[in-house]
Structure formats: structure tokens, C-alpha cells
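Trainee: One-letter residues, chain by chain:
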Amino acid sequence: MDFVAELTLFVLAIFLGVELITKVPPTLHTPLMSGSNAISGITLVGALIAAGSDAGLLVKVLGFIAVVLATINVIGGFMVTNRMLAMFKRK
Amino acid sequence: MDFVAELTLFVLAIFLGVELITKVPPTLHTPLMSGSNAISGITLVGALIAAGSDAGLLVKVLGFIAVVLATINVIGGFMVTNRMLAMFKRK
Amino acid sequence: MQISQNWIDIAYLIAAVLFVLGIKGLTKPKTAVRGNMLAGAGMAVACVVTLLHRDIVSYEVIIAGILVGGIIGVLLAKKVQMTAMPQLVALLNGFGGGASFSVAAAEFFRGGHPDTVGIIATGAAVLIGAVTFTGSFVAFAKLQELIDGKPMGFPGMKAANAVLLLGSIVAIAYLVSNPGSPTVFWGLAIAAALLGILLVMPIGGADMPVVIALLNSYSGVAASAAGFVMGNSALIITGSLVGASGLILTQIMCKAMNRSLTNVLFGVMAEGGETIDQDEVYAGKIKSTSADEVAMLLETAQRVVIVPGFGLAMAQAQHAVRELADTLEANGVEVEYAIHPVAGRMPGHMNVLLAEAEVSYDKLKDMDTINPTFEQTDVAIVLGANDVTNPMAREDKGSPIYGMPILNVDKAKTVVVVKRSLSAGFAGLPNPLFAKDNTLMLFGDGKGAVVDITAALKEG
Amino acid sequence: MQISQNWIDIAYLIAAVLFVLGIKGLTKPKTAVRGNMLAGAGMAVACVVTLLHRDIVSYEVIIAGILVGGIIGVLLAKKVQMTAMPQLVALLNGFGGGASFSVAAAEFFRGGHPDTVGIIATGAAVLIGAVTFTGSFVAFAKLQELIDGKPMGFPGMKAANAVLLLGSIVAIAYLVSNPGSPTVFWGLAIAAALLGILLVMPIGGADMPVVIALLNSYSGVAASAAGFVMGNSALIITGSLVGASGLILTQIMCKAMNRSLTNVLFGVMAEGGETIDQDEVYAGKIKSTSADEVAMLLETAQRVVIVPGFGLAMAQAQHAVRELADTLEANGVEVEYAIHPVAGRMPGHMNVLLAEAEVSYDKLKDMDTINPTFEQTDVAIVLGANDVTNPMAREDKGSPIYGMPILNVDKAKTVVVVKRSLSAGFAGLPNPLFAKDNTLMLFGDGKGAVVDITAALKEG
Ligand SMILES: NC(=O)c1ccc[n+]([C@@H]2O[C@H](COP(=O)([O-])OP(=O)(O)OC[C@H]3O[C@@H](n4cnc5c(N)ncnc54)[C@H](OP(=O)(O)O)[C@@H]3O)[C@@H](O)[C@H]2O)c1
Ligand SMILES: NC(=O)c1ccc[n+]([C@@H]2O[C@H](COP(=O)([O-])OP(=O)(O)OC[C@H]3O[C@@H](n4cnc5c(N)ncnc54)[C@H](OP(=O)(O)O)[C@@H]3O)[C@@H](O)[C@H]2O)c1
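Residue numbers (my numbering), protein chains in the order written: chain Y, 54 to 144; chain E, 54 to 144; chain W, 897 to 1356; chain R, 897 to 1356.
Simulated from the structure, these hints should not be mistaken for laboratory data.
There may be inaccurate statements among the hints.
[To be verified] Keeping only pairs whose Cα atoms sit at most 25 Å apart, straight-line, the calculated SDA-like set for lysine to any residue is: (1) E:K113 / W:L917; (2) Y:K113 / R:D951; (3) W:K1259 / E:P78; (4) W:K926 / Y:T75; (5) W:K1259 / E:M140; (6) R:K974 / Y:N135; (7) E:K113 / W:F1005; (8) W:K1151 / Y:T75; (9) Y:K76 / W:F1005; (10) Y:K76 / E:K76; (11) R:K1261 / Y:P78; (12) W:K926 / E:M132; (13) W:K924 / R:C1150; (14) Y:K113 / R:Q901; (15) E:K113 / W:S1077; (16) Y:K113 / R:L963; (17) Y:K76 / R:V945; (18) E:K76 / Y:T75; (19) R:K974 / Y:A139; (20) R:K924 / Y:P78; (21) Y:K76 / R:D951.
From just these sequences and the hints, can you work out the full model?
Mentor: Set out below in C-alpha cells:
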């Protein structure tokens, strides 16, 4: 994909992100925060590629660190969001 | 741009379009309709390329028709929207 | 001068952003004018930069086309009456669909070697473009009363539609394996054109605004398909933006009429069978009145609500009404206007008209606000409105308009209905309101009647 | 097994759609759980398909990393106390920033021949990733009370920040012309890490949730920048999605606190100078009470409002409170809870706690609903709340919390404040409410005090 196409995706996604969040009741601020925090762990995708490539020790180490950190972010984020939301559910 | 990139743009733009329109007061239904109608005249861009290319008479004719129709759509649409909105303006 | 595709694409991105901001702006009263400007600027950016595209080798045809189209566009936009706005939008929309169709056709006959995606996209652009084109013209004809506004159809119509749609899809599939067949191409075009006519024919004139909004959404999708044909990001993004937002607008409009989209598109025919006898509703129960009598009523009133409808537009009575209201207010009467969301022939129709007559914005009350106040209203003056006050929508489950929210004018102490005759409104139904005990009919042209009342008031 | 980039990109598109639906779902109470699931599914799709990427030649490091990270993640999510949620989110967010930083670093040291865009993107990912990493850890430390929650700074701090930021930009510019310099790279990393620390240090602990939301937005932008480095559409789309939505969420949170974002980020230090003498406010005006006395008050009450605050969470008194409310209701008293949007230490903190104790949802009233009812309230029980009831926010223009909307408990006939001492709340301010004529202080641990009141009620 060329740079302009990437830029176009970037801009469209920013607009979409802005429009998605309109009125959120305060109760949901924390879960929304932790949930979108988990989503920003998408960097795990980049980490996987870095860790799985065949390019020297330093890169492997950095890749490993990236995978560990991103996985904590993703797994921890989604689970904790779920835990919080479970508390709101009406019995 | 490859097909998947195009598809990605398509999907993101659809989501964005859905999110953009939320609550519109009935007063603005008609201007919004004529305004987005004018925007859909973007096909003028394709018409220009078709009409300006060097590919035989049939293509030129089709291109000419396309330019005429799209231009009516664009110019008429924006102008009439503007005229309508001018009526709402508080003096 | 020609520039690299990269810069063109960046300009397209800027145009897309302007369109997004434009559409967003158009959804709020405060920002609507600016939104329209931004969208126009986006279009200018997209067009100007396209002229630098490497495929463009000559400009004669382009210039001729823009001149012809531009002049027609300006004339249409300047000359059209406000009351004819829905027709105009239908017409413009049809042109947009026709343009997408022509672009796809031109691309087809240019005879490159498109891949499967390209062929399918061409087929989609042709199909949707042609449906939009002919469908919009039927909508135009119905609104302009060139053809009857009533739902029209024939037995087996649904089957015919299904055959046309299936045939179109088969034709596209055929083109995928045999990309060069003009016969199949034109066959597809004709089938799609027919489909557009048959889809809109059975829809009643009153539902045309919704149909136009839907066709507008189609024309966006057609533009997007044309974008896939040409590999043009501006068309893809902008087309799908309009396609999606148009669909949502369609749904919002349906909601305002308390109808579902399926009901609008396919429902009317089913319910059309029942006809109600007008005589049965009206016979012996209609009380006619005069301008002087109405003026006397108004002299003792404390609160008056004016209920404008399509007849106000027909009679061009907006200025006369404002003068009546001014006179009443000078007498210490409280005057408000009840604006039904679908009064008139397009959304916001009444707002446009009354704004033209410089009626102050805060006196225009929407349905939900004004309905609870009718019980404290001494006189409700129904001015060329009919369907939007029809109590059958509230009470008669068999009625075609059952479920549409209405203005509860019959709750007012006295109702004065100004219209020329007992003939029906857009929906073609008799209105039991006219036969109620507290209703007085003032027959005559809307403008004349209002002027007479004002005069009588000033004398008395 | 390896598949073509096309299919990977389509999978990324599906993941992006799932993220969009997920975020949208998370904004509404009814759909929040499903939204979180959808987002999780999107992440699974994106990760699984990435494992088939052609650049991945060995899986040992990946598996090891996922195992280590997964175990830590699960443990953190399961073990954390609900009260410690803000800290945890800060921590997780820091990890995300660190990951983006590491990805960009790995890509840098892989030593391809990136173009200008690639280098700038690498620089941006390093800069923003490192700021997010260290900034989040400072936020974590403040919330966990590892360091003082008060705004901290030194003269010339703003200048230092400006130098660090400028230095980082110069370093990136240098890398554009000399892409291979590890020294400059690490210099950039260190400057960015310092910048993160210095930016968060001067912000008060009470504003940490906003800071975390902002840093969350940054971590999205960092991921997006990493996407530009690797040419990966999933990272670009998803990162910017989170970046933008995080920024909007930040603004919404600021609004709920009636603050501007600039005020949160830079404002506190300016106003920190003023200190208010606690003695002056309280001396001789505090009336202490006992559980028995409160029970007697409650026996004759008709309407009681419970105002929970951070102290409720500290004392784990939610179940005790519910029992008190049950007892009161059995006596025919009307009981409601007043939920301030920033009561506790995170948005929705009180809702979570009371939901845990199975307090019925409709008894939790938000600020705007309950405030007008305090005048008809016989007893308001303030339970470990402080800042959210501080009348200075309403009355004292010089106060650091001036303008924050508060619960008007002082309008109730009698106010009972349960807390352990006269010490201040999160904002570090004395509370004139405690000195009012109609206020009674019940000193003691929140849970114990409530249990005592309930017991006395049952006896009486
Ligand atoms: N707003 C929209 O978006 C929209 C769009 C399309 C359709 N519609 C439909 O249009 C209808 C609107 O309801 P409505 O109550 O405003 O109008 P209506 O039901 O169409 O009734 C208009 C009435 O005005 C009277 N009239 C016509 N010319 C007149 C004149 N010169 N002076 C005095 N009266 C005159 C007519 O009666 P006489 O002939 O006896 O004078 C007629 O009964 C609804 O059915 C709605 O669904 C609305
Ligand atoms: N919700 C959010 O998003 C959020 C996030 C971060 C910060 N904040 C800030 O946090 C504050 C929240 O206000 P708030 O009124 O809920 O709390 P607060 O002002 O922090 O006051 C809490 C009070 O609880 C008392 N307390 C502590 N432990 C207790 C125990 N075991 N038993 C009884 N009382 C106990 C403390 O007094 P003693 O020590 O005398 O007992 C303290 O005064 C606001 O300043 C807000 O801006 C809110």
C-alpha cells in the first residue's frame, strides 16, 4: 500500500473515531477507557512480526519485550473491562 | 491502489457515513437531502476523465453526457441547498 | 500540466475531508450553511485536480459539457419555486444516477482489460445508476403530477421485478466471463431501467420524499461502484459516504412519519383496496361559516393556534397569515403555529414558507410541544392542512394512515378549517375532523379567506 | 503456512470493523458487554492472521512472549481490587506505549532502508510510545500512592519540557538524513522518556483519570505511527481510531468535571499557591454525634439520601450501607443514593461498588436528578464523601475546585457526615460543610459506623 493510501486510512479512521464517541454516561467512562486501551494493544500485531522475523539478537529481544508488553495490555485490558461490566449487569 | 485498499476505504467510509447522520431535525431533512445529493455528483470526477480521454466517439459522447448530467447535479444541488438554507436564517 | 497520481490522491483526500465536514455541518441548523459551502469547496478541489489527471488529453468536450450542465443547473436552482423543491431534488438525483451510468458505460466501451472486480463494479454501476435514473424520473413525474400520484401496479408486478433483478445479475455474471459483449451490456441497461420504473410506480406520491432520499443513497452507491471501475479513491470514499448517510436519513424520515422503510416501499399497494365513502362521513354534519363570524370568534379568544398545511403553500398565503397573527397579537391574543413534521410536500416545507414571511422562529412549535396545549386553545385555524389533522390516523386501525402521529386540533374549543372544498388531501382520504361538532368550515382560497378575516377583525 | 498479503489485509479489515462495532457498543450500557467481546474478537482475528505473515519465520520467541504476557495479564485482571482499577488501566496503558516503542525500535535496528516517511513515523512512534510509557507509570505511581499525589514541579519546568520536545524533533530530523545512528536513536528515546515524566508530574492525583484517558489516546497514535513504519493497515486504522476516540473521551470526562483539558494539564500548578487554614474553617463549629443519636434522627425521617464517596470504597461499606437502607425502607422511609460523576477515584466508581452490593439500579440518582430534591430531604448521610460535597466549589471563587458542580447536601434538613477524622479529601481542601449548623459529624470507620446505626435502629 502506498503512503497516500495509508494516509487516507489514517484520516478516515480518525474521523470515524471522533464520531463514534458522542455521549457516554459517566458510569461507562472507566470501562470504555480500559476497553479502548485494550484495543490500542493492536500494536501486538507489529510485535509479532518483529519477534518472528530473523533479524539478529537485538531485534529479537526488542520483539520479545514488545510481545510481552502488548499481550499484557491486550489480555489484561479485555478481561478487566469484562469484569467491570459484569458488575453493572442487572440481576 | 489495490483492490483490498479500495475495499478498506469503502468500508470505512460507509461506517463514517452512518455515524455522521444521527439526529437531524425535520426542518433540515430537505436541505440535507439536496446537499448530499449534490455531493453524490462526485461522479463528475469520473465523467471528466471519461470525456477528456482519447478513446473513440462513443466514449466521448458518453463522457459528454456524463459531464452534463453530473454538472447539473452538482451545480444545481449546491445552489438550491444554499437557497433553501438562506430561508431559515434568522434575520 | 499534469501532476503525479500521489498529489491527485492527496487532493482527493482533502476533498473527502471537506465532504465529511460538510455532511456533518448539514445536520445542525447553526452549521448548515457552512456545511454546504464546505461540501461545495470539496467538490471544487476534487474537480480541479482531476483536470490535471494524466488520462485527460483534450478539454473541448469537458468544457462544452460543463458549460451546458452548468447553465442548466443554475437555471433550475434559481427558477424553481420553493413548493417544487422535492421534484427538483428528484430530478437532480436522477441526473446523478444517469451520470454514474454513463461513466461506467464509457469505461466499458473504452475496452481496457478489466479484471473480475472491475467488471462486477461496472455491472453494479450500470445497474444501480440506471435504477436511480429512471426511478428518480418516475418520482419526479408523480410529484409534478405529470402522472397520477396514486400507487400504480399490475398483477404479477413483484414477479416481474424479481425477473428483472435476476436477469441483471445473470447478465453481470455473463460479462465476467465474456467482458466484451455490447448486446449483453445494453440488455443489462434496459433491464435496470425498467426495474427502476417498476420499483417506484407502486409507491404513493405522499411517500416520494422518502423514495428520493433512498434513491439518493443509491446514487452514492453507484458513484462508489464507478470508483471501483476507475480505481478512483474520491469516488469510492465519497460515494459510500453518501450511500450510507442517505440510508440513515431515509430511516430517520420514515421514523418521522411513523412508518417502516419496507412499509413505504412495499406496503401501500396491499392496503390500497379499501375505499371509504366520503358522503357517509360528511353527510349532514358539515357547518359552514363566514369570515365575519370567524372574526367574532377571534375577538373573544385568548389563545389561537394556526395549523398550516400544503394549502398554505398553494395559496401563497404565508404573508397574509402573518398579518392576521400580527393583528391578533395587537389585540392581546396569544398566537402560535403548529408545525407537523410532514405538513406540506417536503420536510421543513412549512418552516421555509413561514420563514419567508418573517414569522419569528420561536412561534413555530413542533408537534410534540404543541399537542398538549390544544385543550387550552380557544380557536385552532387549520389553513390548507388536511391529512396531518385527520383523526382517523389516531382512531381507525383500518385506515392507510393509521399510526401516523397527528396534530390534535380537534381538542381545541373551536376549529376553523380553511379550504376550498371538501375534497381530500394528499392521502386521498375523507377527514372526520370536518364533521365534528366543534368544527366550522370556511370555504375559499386560503389567502383570500385569511385576508377577509383580518379585514373583519380590524373593522370590528 | 503462509498466505498472501491480500487475505491478511482483508482479515485486518474485518478486525477493524469489529473494533468499530466494539467501541460503539462500549458507549451504551445495554451493549457494552457485547462491545467488549466484539473488540476482543477483532483482536483475535488480527493476531491469528498475522501469525501467517511471510516475514514470520520462527515462533519460539512469539510463543514465549505470549505466554509470559498472557499469564501476567490474566493475573493482573483477576487479582486487582475494584478500587485499584484506575491504577491498573494506567499500568496497562503504559505497557501498550512500551510495546509500540519496542516495535519501532526493533524495526529501526532491523536496518532496512526506510524512506523519509518511514523514518519520521519511526521517530513519532518512539517519541509518543516513550512518553506514554513513562507518563503512564508516573500516573500509576501517583494513584498507587507510591509518590505524592500533589502536583509536583520545579522552576523552569516548562522550559525543560520545551527543550526536551524540541530536542526530540531535532533528533528525528537528524535521523531523516542519517537513518543509521543508534546514538541519536537512544538520545531520542531518553528525551522522550523524560518528557513523559515531566508532563505528568505537575498534574494532581485527582486529575489522573483524565490524564490516563489522554495517554490512552497517545498510545493509539503510537500504534498508528508504528503502522506507518511497518506499512500495516491494521495498526494504522485501529491506532488512529483509538487515538481519536480517546481524545473525545478525554474531553467528555473534562466536561463532567467542569474543567477544560488545558486547565487539567497545565492549570493546577498555577493555582496551587494558595493554602487555606483548616482551623479557621472548623474551629469551634464542629458538632460530633453518635450512632444512637443518628438512629433517633432516622426514626422520624421520611426521606433519606445516602451520599457515597471514596471513603465507602476504602471501608468496603457497600454491603453495610445496603442493609441500613433495607432497614430504613422496612420502616417506610424513602431512601435514595446521590451519585456524583466523580465520586470515588474513577468514573462510575460508586456505581460499581453499589452494584456489587446489589443495590437496585433505579435508586442510584445522578447529580442533576437528585440536587433539586435535597430540600425535601430530612437526613442526608454523607458516607466517606468529601470533595463532591464541598460548598466552596459553589461559593469560593478563589478555590482550586471552584466551578466543579457539587451535590447540594447542605440543603437537607440535617446532614450526617461519616468519616474517620477532619482530614481532607483528594483535593486537599477543608470542607465548610462540616462546620454548618445543620451538620453532625459521626467520626469512625465507615463500615463500623453504618453497622452501629443499623443496629441502633433495629433495637429502637
Ligand atoms: N412534508 C413532507 O415531507 C411530505 C412529502 C410528501 C407528501 N406528504 C404528505 O402530504 C400530506 C401533507 O398534509 P397536509 O395536511 O399539509 O396537506 P394535505 O393533506 O395534502 O391537504 C392539503 C389541503 O389543502 C387544501 N388546499 C389546496 N389548495 C388550497 C388553496 N389554494 N387554499 C386553501 N386550501 C387549499 C386542499 O383542500 P381543497 O382542495 O379543498 O382546497 C387540501 O385538502 C400528508 O399526507 C403527507 O404524508 C408530506
Ligand atoms: N471519580 C473520578 O473519576 C475521580 C478520579 C480521581 C480523582 N477524583 C477526585 O476524587 C475526589 C472524590 O471525592 P469524594 O468526595 O468521593 O472523596 P474525597 O473527597 O477524596 O474524600 C474521601 C473521604 O473519605 C474519608 N474516608 C477514607 N477512608 C475512610 C473510611 N475507611 N471510613 C470512612 N471514611 C473514610 C476520608 O476522610 P477521613 O480520612 O477523615 O476518613 C476522605 O475525606 C474528588 O476530588 C475527585 O475530583 C475523582
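Trainee: Hints first: check each against the structure and report whether it holds.
Mentor: Evaluated hints:
1. Between the alpha carbons of K113 (chain E) and L917 (chain W) the distance comes to roughly 34 Å, so the proposed pair goes past 25 Å and is violated.
2. Distance restraint check for K113 (chain Y) and D951 (chain R): the Cα-Cα separation of roughly 13 Å lies within the 25 Å cut-off, and the hinted pair is therefore satisfied.
3. Restraint check: the Cα-Cα separation between K1259 (chain W) and P78 (chain E) comes to about 17 Å, which is no more than 25 Å; the hinted pair holds.
4. Distance hint between K926 (chain W) and T75 (chain Y) is fulfilled; the C-alpha atoms sit about 18 Å from each other, no more than 25 Å.
5. Only pairs whose Cα atoms come within 25 Å are accepted, and K1259 (chain W) paired with M140 (chain E) is accepted, the gap being roughly 16 Å.
6. Distance check on the hinted pair: K974 (chain R) and N135 (chain Y) sit about 11 Å apart at the alpha-carbon level, within 25 Å; holds.
7. A hinted pair counts as satisfied when its Cα atoms are at most 25 Å apart, and K113 (chain E) with F1005 (chain W) qualifies at roughly 10 Å.
8. With a CA separation close to 21 Å, the supplied pair K1151 (chain W) and T75 (chain Y) stays within the 25 Å bound.
9. With a C-alpha separation of about 50 Å, the suggested pairing of K76 (chain Y) with F1005 (chain W) is violated against the 25 Å cut-off.
10. Proposed proximity of K76 (chain Y) and K76 (chain E) is supported: the alpha carbons are some 13 Å apart, at most 25 Å.
11. Proximity of K1261 (chain R) to P78 (chain Y) is assessed by CA-CA distance (about 13 Å); at most 25 Å being required, the pair is judged to hold.
12. Between K926 (chain W) and M132 (chain E) the alpha-carbon distance is near 18 Å, which keeps this suggested pair within the 25 Å criterion.
13. Note on K924 (chain W) and C1150 (chain R): the hinted pairing holds, with a Cα-Cα distance of about 24 Å set against a maximum of 25 Å.
14. Simply put, K113 (chain Y) and Q901 (chain R) have alpha-carbon atoms about 23 Å apart, close enough for the 25 Å limit, and the pair holds.
15. Distance check on the hinted pair: K113 (chain E) and S1077 (chain W) sit about 19 Å apart at the alpha-carbon level, within 25 Å; holds.
16. Between the alpha carbons of K113 (chain Y) and L963 (chain R) the distance comes to roughly 16 Å, so the proposed pair stays at or under 25 Å and holds.
17. For the proposed pair K76 (chain Y) and V945 (chain R), the alpha carbon gap of about 34 Å is over 25 Å, so the pair is violated.
18. About 12 Å separates the Cα atoms of K76 (chain E) and T75 (chain Y), which keeps this hinted pair within 25 Å; it holds.
19. For the hint linking K974 (chain R) to A139 (chain Y), the alpha-carbon distance of about 13 Å falls within 25 Å, and the restraint holds.
20. Between the alpha carbons of K924 (chain R) and P78 (chain Y) the distance comes to roughly 8 Å, so the proposed pair stays at or under 25 Å and holds.
21. Proximity of K76 (chain Y) to D951 (chain R) is assessed by CA-CA distance (about 42 Å); at most 25 Å being required, the pair is judged violated.
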